[in-house]
Amino acid sequence: MNILKISYKNLSTKGLTNGLSTLLMALGVGIISLILTVSKQLDEQFTNNIKGIDMVVGAKGSPLQLILSSIYQIDAPTGNINYAEAKSITKNPFIKQAIPVSVGDSYAGYRIVGSDSTYILHYKALLESGLLFKKPLECVVGNSVAKKLKLKIGDQLQTSHGLDSEGEKHEKSTYLITGILSYNNSVIDQLIITPLESVWNVHEHDGNQSNVLDLLEEEDHPEKKAEATNQKEITALLVKFRNPMGLMTIPRNINTNTNMQAALPAIEINRLFALLGVGVDTLKWMAFLIILVSGISVFVSLFNSLKERKYEMALMLSLGASRIQLFILLLLEGLFIGIIGYFLGILISRLGLFWMSKASEQNFHHQFDLLNLSLDDLFIFLACVFISFIAAALPSIGIYKINISETLSDQ
Amino acid sequence: MIQIKNLSYQFAKGKTIAFPDFVLEKGGHMLILGKSGVGKTTLLHLLALILKPNTGSLFINSDEINKLSERTLAKFRAKNIGTVYQKPHFVAALSVYENIQLASYLSDNQLNIKYLNDLADSLGLTNLLNKKVSRLSLGEQQRVSIARALINNPAIILADEPTSNLDDENCRNVVELLQKQSNKIGACLIIVTHDQRLKSVFENQITLLSS
Chain H
408 MNILKISYKN LSTKGLTNGL STLLMALGVG IISLILTVSK QLDEQFTNNI KGIDMVVGAK
468 GSPLQLILSS IYQIDAPTGN INYAEAKSIT KNPFIKQAIP VSVGDSYAGY RIVGSDSTYI
528 LHYKALLESG LLFKKPLECV VGNSVAKKLK LKIGDQLQTS HGLDSEGEKH EKSTYLITGI
588 LSYNNSVIDQ LIITPLESVW NVHEHDGNQS NVLDLLEEED HPEKKAEATN QKEITALLVK
648 FRNPMGLMTI PRNINTNTNM QAALPAIEIN RLFALLGVGV DTLKWMAFLI ILVSGISVFV
708 SLFNSLKERK YEMALMLSLG ASRIQLFILL LLEGLFIGII GYFLGILISR LGLFWMSKAS
768 EQNFHHQFDL LNLSLDDLFI FLACVFISFI AAALPSIGIY KINISETLSD Q
Chain G
-10 MIQIKNLSYQ FAKGKTIAFP DFVLEKGGHM LILGKSGVGK TTLLHLLALI LKPNTGSLFI
50 NSDEINKLSE RTLAKFRAKN IGTVYQKPHF VAALSVYENI QLASYLSDNQ LNIKYLNDLA
110 DSLGLTNLLN KKVSRLSLGE QQRVSIARAL INNPAIILAD EPTSNLDDEN CRNVVELLQK
170 QSNKIGACLI IVTHDQRLKS VFENQITLLS S
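So the protein lines, in turn, are chains H and G.
Counting from 408, one number per residue, gives the positions in the first sequence under our numbering.
Counting from -10, one number per residue, gives the positions in the second sequence under our numbering.
Incorrect hints may appear among the rest.
Lysine to any residue pairs mimicking SDA-like chemistry, simulated, CA-CA at most 25 Å apart [said to hold, decoys possible]:
(1) G/Lys120 to G/Gln90
(2) H/Lys647 to H/Tyr590
(3) H/Lys717 to G/Ser153
(4) G/Lys120 to H/Asn409
(5) H/Lys647 to H/Asn662
(6) G/Lys169 to G/Leu155
(7) G/Lys121 to H/Phe734
(8) G/Lys64 to H/Ile410
(9) H/Lys808 to G/Arg124
(10) H/Lys691 to H/Ala790
(11) G/Lys64 to H/Ile804
(12) G/Lys76 to H/Asn810
(13) H/Lys714 to G/Arg124
(14) G/Lys76 to G/Asn119
(15) G/Lys64 to H/Ser414
(16) G/Lys121 to H/Thr420
(17) H/Lys447 to H/Leu785
(18) H/Lys808 to G/Thr5
(19) G/Lys76 to G/Glu53
(20) H/Lys416 to G/Asn119
(21) H/Lys503 to H/Leu671
(22) G/Lys68 to H/Glu813
(23) G/Lys64 to H/Arg730
(24) H/Lys717 to G/Asn119
(25) H/Lys714 to G/Ser123
(26) G/Lys68 to H/Tyr807
(27) G/Lys120 to H/Tyr718
(28) G/Lys76 to H/Glu715
(29) H/Lys447 to H/Ala790
(30) G/Lys2 to G/Ser199
(31) G/Lys121 to H/Tyr718
(32) G/Lys76 to G/Leu125
(33) G/Lys76 to H/Ile811
(34) G/Lys120 to H/Ile410
Residues from chain G that face chain H, not an exhaustive set, calculated with beta carbons under 10 Å [stated by the list, open to error]:
(35) Thr30
(36) Leu33
(37) Lys68
(38) Ala81
(39) Gln90
(40) Ser96
Hints in this document: simulated from the structure, not taken from any laboratory.
Note that CB positions come from ideal geometry on N, CA and C, so glycine has one too.
Start from the sequences, fold in the hints, and give me the full structure.
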């Protein structure tokens, strides 16, 4: 027998009322924690993936779309640009590194990115097994893709055109897996990487078969075929500057003087988060209100229960309990609700995250880390304890006003 | 030993009740009779140390009780006085067993489980120990409050109308129980009642008259 046990018994006797308070608390905590975790992990993932990429050059269109498609691999590309033209930019001395990427094909819903080894080096991805691709139509597979699709070295992939799994199959071109990358916690985990040449090969081949007009034209003008090799296209160029001076001049130069566009990931992602931020803030306030209402509900339920249990309190006082002991007893009831509500809320938020992770993995091949407790969660815990403490302490002060004799003889 | 001298209590409304002096030796039994409204419960509450008298003094074991601070008073009460209140009050969330245990816990005494079980046995509560108090009949509740009053082996047992809700047979049982148990532990027993059936049982009686 101790105060803790008595307050627990009191709580469980009024299970429904206290359950409601706990549920409200849990809901508030769940929503806040979910929002904070998602926005934090998104933020981390987003900034992680743009690390070292100062500028993206691609076809004209929405700059955000260009960033999303060429870095995060979640939107459709804006179009293609001429490889030779893109390459000419890289002669600028301010440019330290330029990685070409070519997207447009997929295997089982996972994107195939045509690039070169610098792409893999850029993400500091390591090979878990096997070797890097050496020639066209060889590829290495990101860790998550390999796991999900149970791929192994030596497997042949028949890819399809387009970015979803329902695209038209490239029937005559199959990729050979030469290596599998180890887990990198970046976009590369969700990709299949192949040399640029593979993408060109596959599509030249395809083009000859599918587009009769092209075919006729090529036959009429044999010189076009030679030209075609110079007409090689890529989707985007991921550029890293040697120093910030590049940032001042190069993007503007590209945007005004070429038919390509230069987009700055840092700026676009900031803009994206500023847009999302409004919604996130609204939800945060709503969740905070729910927690507050839960606090009020704890207050009301304890206030009523103190009225009903006045006899009990007087009895315990007559049996030798001190008023501070009973004050603590009632306080504990409130804190119990706060603390149980908190852990229930964290559970709700993790379940929500699990569900979101599943959904986003299917749609965007993006996963959330479920077992990540952050400093924010600690703050939410302290807020819960504080609110339930206040909500319980206010009515519990009534303990100090009980007249034992009057209460016990009150008929 | 209990002794009261010139004890009086003034209600908030201004009415004052003066109580006759008496001395009760260690282990003695006493009946305090009186019609309702003459201050029986007030006297019991004064003796139970949950009310403070306005004048006069109260001695228990030759300590003058009025001089103790509230906190010492509470612990003194918990250890030395077992009270059976007129209306059986319990902590609703706790079982019969836990309600009895509570008195021991709040008085800072080590619970004697064997003694609790013996008490329950002699009061016929053994099968009820795990039930919620609210599921018990009034008579059963009365017996639980007797068990609770006895669990700390108090020097004084006070009972406020312990028999008013009981039929003749149960009335006799309860009185016998109170007498037997208080004899067993050598405690003073003071019963406050208007129940005339008890008059024949106790030799030592005082009657409160309306002033």
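Against the structure, the hints come out as follows:
{"no.": "1", "hint": "G/Lys120 to G/Gln90", "in the structure": "holds (14 Å)"}
{"no.": "2", "hint": "H/Lys647 to H/Tyr590", "in the structure": "holds (24 Å)"}
{"no.": "3", "hint": "H/Lys717 to G/Ser153", "in the structure": "holds (24 Å)"}
{"no.": "4", "hint": "G/Lys120 to H/Asn409", "in the structure": "holds (19 Å)"}
{"no.": "5", "hint": "H/Lys647 to H/Asn662", "in the structure": "holds (17 Å)"}
{"no.": "6", "hint": "G/Lys169 to G/Leu155", "in the structure": "holds (19 Å)"}
{"no.": "7", "hint": "G/Lys121 to H/Phe734", "in the structure": "holds (24 Å)"}
{"no.": "8", "hint": "G/Lys64 to H/Ile410", "in the structure": "holds (17 Å)"}
{"no.": "9", "hint": "H/Lys808 to G/Arg124", "in the structure": "violated (30 Å)"}
{"no.": "10", "hint": "H/Lys691 to H/Ala790", "in the structure": "holds (13 Å)"}
{"no.": "11", "hint": "G/Lys64 to H/Ile804", "in the structure": "holds (22 Å)"}
{"no.": "12", "hint": "G/Lys76 to H/Asn810", "in the structure": "holds (16 Å)"}
{"no.": "13", "hint": "H/Lys714 to G/Arg124", "in the structure": "holds (22 Å)"}
{"no.": "14", "hint": "G/Lys76 to G/Asn119", "in the structure": "holds (21 Å)"}
{"no.": "15", "hint": "G/Lys64 to H/Ser414", "in the structure": "holds (22 Å)"}
{"no.": "16", "hint": "G/Lys121 to H/Thr420", "in the structure": "holds (11 Å)"}
{"no.": "17", "hint": "H/Lys447 to H/Leu785", "in the structure": "holds (15 Å)"}
{"no.": "18", "hint": "H/Lys808 to G/Thr5", "in the structure": "holds (23 Å)"}
{"no.": "19", "hint": "G/Lys76 to G/Glu53", "in the structure": "violated (29 Å)"}
{"no.": "20", "hint": "H/Lys416 to G/Asn119", "in the structure": "holds (14 Å)"}
{"no.": "21", "hint": "H/Lys503 to H/Leu671", "in the structure": "holds (16 Å)"}
{"no.": "22", "hint": "G/Lys68 to H/Glu813", "in the structure": "holds (22 Å)"}
{"no.": "23", "hint": "G/Lys64 to H/Arg730", "in the structure": "holds (12 Å)"}
{"no.": "24", "hint": "H/Lys717 to G/Asn119", "in the structure": "holds (24 Å)"}
{"no.": "25", "hint": "H/Lys714 to G/Ser123", "in the structure": "holds (18 Å)"}
{"no.": "26", "hint": "G/Lys68 to H/Tyr807", "in the structure": "holds (22 Å)"}
{"no.": "27", "hint": "G/Lys120 to H/Tyr718", "in the structure": "holds (20 Å)"}
{"no.": "28", "hint": "G/Lys76 to H/Glu715", "in the structure": "holds (16 Å)"}
{"no.": "29", "hint": "H/Lys447 to H/Ala790", "in the structure": "holds (19 Å)"}
{"no.": "30", "hint": "G/Lys2 to G/Ser199", "in the structure": "holds (17 Å)"}
{"no.": "31", "hint": "G/Lys121 to H/Tyr718", "in the structure": "holds (17 Å)"}
{"no.": "32", "hint": "G/Lys76 to G/Leu125", "in the structure": "holds (14 Å)"}
{"no.": "33", "hint": "G/Lys76 to H/Ile811", "in the structure": "holds (14 Å)"}
{"no.": "34", "hint": "G/Lys120 to H/Ile410", "in the structure": "holds (20 Å)"}
{"no.": "35", "hint": "Thr30", "in the structure": "holds (5 Å)"}
{"no.": "36", "hint": "Leu33", "in the structure": "holds (9 Å)"}
{"no.": "37", "hint": "Lys68", "in the structure": "holds (8 Å)"}
{"no.": "38", "hint": "Ala81", "in the structure": "holds (7 Å)"}
{"no.": "39", "hint": "Gln90", "in the structure": "holds (5 Å)"}
{"no.": "40", "hint": "Ser96", "in the structure": "holds (5 Å)"}
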